[in-house]
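In the order they appear, the protein sequences are chains G and L. Sequential numbering of the first sequence, starting at 123, is according to my numbering. Sequential numbering of the second sequence, starting at 2, is according to my numbering.
Check before you lean on any hint, since a few could be wrong.
Restraint ranges, calculated between C-beta atoms of paired labels, are given here [claimed, not checked]:
#1 L:Asn-363 x G:Lys-381: 55 to 63 Å
#2 L:Gly-55 x G:Met-123: 51 to 59 Å
#3 L:Arg-278 x G:Asp-438: 52 to 60 Å
Facing chain G, from chain L, some residues (calculated, C-beta under 7 Å) [said to hold, decoys possible]:
#4 Leu-261
#5 Arg-340
#6 Pro-357
Listed below are the simulated DSS-like cross-link pairs for lysine-lysine, each with C-alpha atoms no more than 30 Å apart in a straight line [what the hints assert, rightly or not]:
#7 L:Lys-115 x G:Lys-211
#8 G:Lys-426 x G:Lys-211
#9 L:Lys-192 x G:Lys-294
In short, the hints are calculated from the structure, not lab data. Built from N, CA and C at the ideal position, the CB exists for glycine as well.
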Amino acid sequence: MTNIYAALELGTTRTVLAVGEARTGERLKVTRHAEIPSSGIRKSQILDIRQATLSIKSVLREIERRQGEAGDSITIGNAFLVVSGQHVKADPYQGTTPVEGTKVSNDDIDEVVRSSRLMALPKDREILDIVDQVYGLDSLGGIASPKGLSGRILKLDTLQIHADANRINDAKTAAGEAHLEIRDPLFAVTCAADAVLDDAERRDGVLVLDLGGGSTGCAVYADGYLAAANVIGVGGDHVSNDIAYAFQTTQAQAEALKKTEASAILGSDHGASARVQVPGSSPLIETRTISRRALDTVVNLRLKELVSVIRGGLEDRDLLHRLHAGVVLTGGGAAMRGVDALIQRELGLPVRIGRPVNVDGLSDAENPASFAAVAGALMFAHRNYERKPLISSIFKGLFK
Amino acid sequence: MNNKSPLLLVGIGGAGSAMARGVSRAFGESMRYVLADTDAATGRPGTPFVLLGGDRLSGHGSGGDVVQARLAAEDSLKSFDEHLEGVRLAVVLAALGGGTGGGATLEVVKHFDKCGVPTIVFATLPFSFEGDERQRRARGMMSMIDEASSAAVFVHLDNLIGDADKMDDAMRRAVDTLASGVTLFWRLLEKPGYIRLDAERVRKIVAHAGRGRFAVVTAQGPSRAPEAVDALARSPLLAAGAGPVRSILCGVLAGEDLRLSEVGCIAEGVRDAFGRRAAFDLATVNDEATFTGRIAVVVLLFEAGAEGEPDEEGKSSSAPKRGKRPKNPLAQGPQGRGRFNNVEPTVWNGEDLDTPTFIRRNISLDL
Chain G
123 MTNIYAALEL
133 GTTRTVLAVG
143 EARTGERLKV
153 TRHAEIPSSG
163 IRKSQILDIR
173 QATLSIKSVL
183 REIERRQGEA
193 GDSITIGNAF
203 LVVSGQHVKA
213 DPYQGTTPVE
223 GTKVSNDDID
233 EVVRSSRLMA
243 LPKDREILDI
253 VDQVYGLDSL
263 GGIASPKGLS
273 GRILKLDTLQ
283 IHADANRIND
293 AKTAAGEAHL
303 EIRDPLFAVT
313 CAADAVLDDA
323 ERRDGVLVLD
333 LGGGSTGCAV
343 YADGYLAAAN
353 VIGVGGDHVS
363 NDIAYAFQTT
373 QAQAEALKKT
383 EASAILGSDH
393 GASARVQVPG
403 SSPLIETRTI
413 SRRALDTVVN
423 LRLKELVSVI
433 RGGLEDRDLL
443 HRLHAGVVLT
453 GGGAAMRGVD
463 ALIQRELGLP
473 VRIGRPVNVD
483 GLSDAENPAS
493 FAAVAGALMF
503 AHRNYERKPL
513 ISSIFKGLFK
Chain L
2 MNNKSPLLLV
12 GIGGAGSAMA
22 RGVSRAFGES
32 MRYVLADTDA
42 ATGRPGTPFV
52 LLGGDRLSGH
62 GSGGDVVQAR
72 LAAEDSLKSF
82 DEHLEGVRLA
92 VVLAALGGGT
102 GGGATLEVVK
112 HFDKCGVPTI
122 VFATLPFSFE
132 GDERQRRARG
142 MMSMIDEASS
152 AAVFVHLDNL
162 IGDADKMDDA
172 MRRAVDTLAS
182 GVTLFWRLLE
192 KPGYIRLDAE
202 RVRKIVAHAG
212 RGRFAVVTAQ
222 GPSRAPEAVD
232 ALARSPLLAA
242 GAGPVRSILC
252 GVLAGEDLRL
262 SEVGCIAEGV
272 RDAFGRRAAF
282 DLATVNDEAT
292 FTGRIAVVVL
302 LFEAGAEGEP
312 DEEGKSSSAP
322 KRGKRPKNPL
332 AQGPQGRGRF
342 NNVEPTVWNG
352 EDLDTPTFIR
362 RNISLDL
């Protein structure tokens, strides 16, 4: 039986939809993917439900058009939602339980897992994921598997990832208006990490940076588990805004300059006097030129600052020295010229662009790293919903 | 206590309550205030006090847990309603870095906003020696409090201790310094003056005011006015923030010997020091009993909003909020927040990261 899943990312600059298919127990293949520019969203927050709905409808139409060209006739009725934005937080929480006998049993492990799920949250927060990190037994920490060990108090460290419930509801409302039911909301950067990392990197220590339009997601893996995560409310849109403000351009012109001309590195390849053309935004406005060095300076300052915020967060948590496998970049921002070199220089770590290597079907994408989060969401769906009795009811909406 | 005053002082958490108590002691019986904490020991007989989350935490405090403090505050929000009758403006005092000061303050401020009461939050940030965890916790709450309140002033405790050396002295001096500053601010609002500043006027000034900076200086002698201006210009509490200053509130407290030329000197000096293009509000208070022979100058600088902006309905009665500013969302603001004008700000180490970096770093571009 072939399972089919869909994942939606309602981003600040792009709305992305991907469809994945896999037979039970087999590797997932992304069979369709499409992206269109988003409207009505700023810094990952929906400001205009109607515009966001139109974006979702457009990307649905685009997927359906592509399926039609390929001879398919699937109508997508539900999708997993990839969530980002600075409203997403990850807090550590420890579950504890007394060990019933002298050695830790499966029941003790079940009990400590249960107690680690009891963190209370304010009403306006919604749990996206609870990630088990390591067990502890009395004063001993860092235990991967406690069964059979002797001790009195069993502990389980977890990372509780939660988000503003209102923001998620807004996305559900917009999707609902487009006749798309939202299944589980999932954390973008950990989804992206699932799609691009291998086990060795997780063990050796790696930072995944999901460079989105409105925010940057950060996830640190060390010793094989997710050690920390957060979202910084600065993304590619800030680079465009800075360019628009510096050179008095429209947002669209700034976006084009960022993608085609700007570099995050202040290099010497163009010379100090090099100029960049800015086409007029209407027939009445003439094309003009701006200094390439000034353009690169604006971009460099913004991205260097972002990296210094990231570095501060890593140093606060004493994680920077644990990243032996370096940094992996995902998201639309990973394609920005020189961003990998800048991060390498500022953090002193090797940097690579994160292609979704753990799924098939994205090799033809123009910027595969920008599909990492939706690819990871499809992997989550495949991992958690295949073979389960719920499958027929959950996914029947996929076929209308 | 004057239960008809349109101004309410709220102290939240142990340190916030201590500051509020200090202000109340200095100001006198007529002040309207309420204290709130998750720790029952903060309450005193005869003192208006809200125990936050009594059922949840049994009055033992939040144990430094921001989430527990938020939940506790949520449990007890209704208890504030009896204290809000007729209130037009609330001044909230808190210390960030622990549990209740940050977590409960956020929920209380949000509740006041729902009740139509704008808030100015004065919150301290931990001493640098208090460790990364408290700093991180404080930073995490700053942006949320920024967003929920009408105006917020965050003061690093490091900037309040002067030359205090002993730990105990440093803590006490920091709390006393902020409390005395807020006391003077309160006098500006409550005492009569030639140029009156009342709750309604402040309500309009702080509407959409955003992140603020706050300092108080005192001076005496024949050159007290220029000396006060000089001290303000050098004050670390008023050091440059994330963007240009958009509105200035300046209050002069003095006895009957205050001269017109001194008021002019202070007004011009403050505008020269902090921005001539900013909206400027001046108030004077005649407090002969307290200020014979000397003056105190209170300055509040705000980096967003301007005086008297109406809310969406054009009414002045509902609590204004930055997220509801009636502006073209695509217009570039004077600070360059541009398309981020109407969304939750990204604040890091006191800087508004939505403002272009090159502006905040004062980098001039060779175009």
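Structure-based check of each hint:
no.: 1; hint: L:Asn-363 x G:Lys-381: 55 to 63 Å; in the structure: violated (28 Å)
no.: 2; hint: L:Gly-55 x G:Met-123: 51 to 59 Å; in the structure: holds (55 Å)
no.: 3; hint: L:Arg-278 x G:Asp-438: 52 to 60 Å; in the structure: violated (37 Å)
no.: 4; hint: Leu-261; in the structure: violated (42 Å)
no.: 5; hint: Arg-340; in the structure: holds (6 Å)
no.: 6; hint: Pro-357; in the structure: holds (4 Å)
no.: 7; hint: L:Lys-115 x G:Lys-211; in the structure: holds (24 Å)
no.: 8; hint: G:Lys-426 x G:Lys-211; in the structure: holds (23 Å)
no.: 9; hint: L:Lys-192 x G:Lys-294; in the structure: violated (52 Å)
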